[in-house]
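Engineer: Read off the chains here:
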Amino acid sequence: MSGAGRRGAWVAAAVVAAALLLVPVFEPEKFTLQFMTRVMVMGLFAMGLDFALGCGGLVSFGHAMFFGTAGYALALMAPGGEGASFWLSLPLAMGVSALLALAVGALALRTGGVYFIMITLAFAQMLYFLVHDTRFAGGSDGLYIYTRPDATLGGFKPFDLDNVQHLYYVVLGCLAAGFALLAWLKATAFGRVIEAIRVNEERMHSLGYAVFRHKLACFTLSGALAGAAGYLGAVQFGVVNADMLGWQMSGTAMMMVILGGMGTLWGAALGAAAMLGAELGFQSLPVLHFAGHDVELGKHWLLWMGVCIVGVALYLPQGLAGLLSRRPRTEPADD
Amino acid sequence: MNSPRGAGSLVKNTLLLHKSLVTLSFFLIQLLNSVQYGLLLFLCAAGLTLVFGIMGVINLAHGSMYMLGAYLAFSLAEGLGSLWLALPVGVLLAFAFGALLEKLVIGRLYNRPHLHQVLLTYGLILVFDELRSLVWGDDVHGVAVPKALEASLPLTDTLSYPVYRLFMSGACLVVALALAWVLLRTRLGMTIRAGSVNGDMVQSLGIDIGRVRRLVFAAGVALAAFAGMLAAPASSVFPGMGNQVLIVCFVVVVIGGIGSVKGALVAALVVGLADTFGKVATLQIGGVGVLPELSGLGIYLLMAAVLVWRPQGLFGRGVP
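Protein sequences, first through last, are from chains A and B.
Just add 3 to the spot in the first sequence (first one is 1) and you have our numbering.
Just add 1172 to the spot in the second sequence (first one is 1) and you have our numbering.
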């Protein structure tokens, strides 16, 4: 990237960060703040997925299992009225997701290409049915989180997760931390190896790199970040259900990454904002009266969403990031 | 000598025999069910695996074609007055729809990364689901079993087997055999098989590979729709049916080896067995049955086991 481009990127990042920090200061409506919190939760999820998908070239169609698992972990950790400790439950929930990603990755990474897509999908469905059809995790009703996690640390309570503004800042902080971690990792030798494996796996293998282990580490880390997002989502909504693990959730996250632009990390967050914004827009479409029939445009918002997805896949394969950076990105490696 | 004791054991033996007959018929019913389910799965999975084999396209919207078939059966059977008329008309409509879909959308996906294919066909699922909701609504519908097949075959005093399910198995078997004949014994099948190995070579030998691809895709859609139409009277016609079948078909295709029709057949039958017997087997732990609750899991565990053993599936040519 040229010097001017790099400076431009820093300016853009600073402007976006400042804007996000200042949003609650203007005391917007509660709905707006909650919506933006949701966007950032999904942005973190999509960013985690992008690390596997865009950087590592691992097309996972089952990332919702890591997202949902962390949410369920929180719900099971605080079954009664007492809230779990935020500082304990967040790393624990992420750890559970990471362990699951390690196990699934160890099996699924034995294959590649289209097998990998189908296998990750099938594992996610397996977990979905396990949760949906058994009683131990609330079955199809899901589980409620009656009390949000408590952030008290040594007698001092830095923030209160019941407060909408506080939650907004906590989620923003997690998003920023996740972005910083992944951006740093991308720049390290580890990140370079991962990207090189995406581009040419055979060459990296013959150069002596432990390809399988690098891919597994990438997948596990990606799963842990998806878990962090799932945890925050569960905190925000106070309820977890099997849909969090479902394949529609995986598809949505994947769509966000591709819509935003793969491999850029910030593109994934942009994609989440664009997609949830579009969802909100489509849902508020009016009811048309046409030849004596009521056509509820808003009720069928998924139709417009589907048409948009098809359009993006056909005409905008580089995503929004491709539009913004104007630099032709190389095609993602695909085997 | 006819001692009371002997008479007692005779009664006991007769009872035992009766019980084992019931168990045997129960077993037979489950076996028939699993074969029927497996063959139905094969019809769906065959299209999925063929389309991948010859075109390299992973089509998530394949399950929607199964759903489309079931809804077509519902509407056509009502409109034409009989399932016998609805079946051929529906298959023709589905074939034409498949050809159109290939021409308009799927045809643009060749040589694109799998990711774009997944994305586009995922978008198609949403579109088809909502169109279905617009045209047919979100209610669950039923399709009447044809008069001629309404009967049940009695097996014991209490157990019987519906004739329609036998008809389903028979129809699936006929279609499967016809498919095998076309693929293995005709010039067209030879072209298709050659196309799945090296499409460019087939093209340079003077065969229009584009037409072969359109034909294969449309045939895959017609097969899935046919399966959906057959299933409609036996189960019901409901909104989520396509996605349910799609995921199971993925399991079948992965177990069998992607691109292999033979693998799809074997895997479909195995998955049918695992699913059906997983649902009736019971495992008691502390007086509480746990297995039926987890029956949805069985086929995925099977898939995981196969992948550990053979990552490319049973009949796969290697990881594509």
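Please keep in mind that the hints were generated in silico from the structure rather than gathered at the bench.
There's no promise every hint is true.
[Claimed, not checked] What the simulated footprint calls covered on chain A by chain B, stretch by stretch (three residues with Cβ under 8 Å from a Cβ of chain B suffice, anywhere in the stretch; the number is not a length):
| hint | stretch |
| --- | --- |
| 1 | 92 to 104 |
| 2 | 113 to 120 |
[Unchecked claim] With a straight-line cut-off of 20 Å between C-alpha atoms, the simulated SDA-like cross-links for lysine to any residue are:
| hint | chain 1 | residue 1 | chain 2 | residue 2 |
| --- | --- | --- | --- | --- |
| 3 | A | Lys33 | A | Gly280 |
| 4 | B | Lys1434 | B | Arg1359 |
| 5 | B | Lys1275 | A | Gly314 |
| 6 | B | Lys1434 | B | Val1312 |
| 7 | A | Lys302 | B | Trp1308 |
| 8 | A | Lys302 | B | Phe1410 |
| 9 | A | Lys302 | B | Arg1359 |
| 10 | B | Lys1451 | A | Asp136 |
| 11 | B | Lys1434 | B | Leu1345 |
| 12 | B | Lys1451 | A | Leu133 |
| 13 | A | Lys302 | B | Gly1309 |
| 14 | B | Lys1434 | B | Leu1355 |
| 15 | A | Lys302 | B | Lys1451 |
| 16 | B | Lys1275 | A | Gly116 |
| 17 | A | Lys302 | B | Phe1300 |
Remember, predicted model here, so these are calculated numbers, not experimental data.
Virtual Cβ for every residue (Gly too), placed ideally from N, Cα, C.
Engineer: With reference to the structure, classify each hint as holding or not holding.
Structural biologist: Checked hints:
1. A count of 0 residues in the stretch 92 to 104 of chain A with a Cβ less than 8 Å from any Cβ of chain B is obtained; the coverage claim is therefore unmet, three being the minimum.
2. Check result for the stretch 113 to 120 of chain A against chain B: holds, 7 residues qualifying (beta carbon to beta carbon below 8 Å, three or more required).
3. Note on lysine 33/A and glycine 280/A: the hinted pairing holds, with a Cα-Cα distance of about 16 Å set against a maximum of 20 Å.
4. Using a Cα cut-off of 20 Å, the hinted pair lysine 1434/B and arginine 1359/B holds, with the two alpha carbons roughly 19 Å apart.
5. At most 20 Å may separate the alpha-carbon atoms for a hinted pair to count; lysine 1275/B and glycine 314/A meet this at roughly 16 Å.
6. Of the pairs offered as hints, the one joining lysine 1434/B and valine 1312/B is violated, with about 34 Å between alpha carbons and a cut-off of 20 Å exceeded.
7. A distance of roughly 15 Å separates the Cα atoms of lysine 302/A and tryptophan 1308/B; the hinted pair therefore holds under the 20 Å criterion.
8. Distance check on the hinted pair: lysine 302/A and phenylalanine 1410/B sit about 19 Å apart at the alpha-carbon level, within 20 Å; holds.
9. Annotation: proposed proximity of lysine 302/A to arginine 1359/B is violated, straight-line Cα distance about 49 Å (limit 20 Å).
10. Proposed proximity of lysine 1451/B and aspartate 136/A is supported: the alpha carbons are some 12 Å apart, at most 20 Å.
11. Annotation: proposed proximity of lysine 1434/B to leucine 1345/B holds, straight-line Cα distance about 14 Å (limit 20 Å).
12. The hinted pair formed by lysine 1451/B and leucine 133/A meets the criterion: a straight-line CA distance of about 14 Å does not exceed 20 Å.
13. For the given pair, lysine 302/A sits about 12 Å from glycine 1309/B by alpha-carbon distance, which is consistent with the 20 Å threshold.
14. Of the pairs offered as hints, the one joining lysine 1434/B and leucine 1355/B holds, with about 11 Å between alpha carbons and a cut-off of 20 Å not exceeded.
15. Simply put, lysine 302/A and lysine 1451/B have alpha-carbon atoms about 37 Å apart, too far for the 20 Å limit, and the pair is violated.
16. For a cut-off of 20 Å, the pair hint linking lysine 1275/B to glycine 116/A is broken: about 26 Å separates their Cα positions.
17. In summary, the hint linking lysine 302/A to phenylalanine 1300/B is supported, as the alpha carbons are separated by about 15 Å, within the 20 Å threshold.
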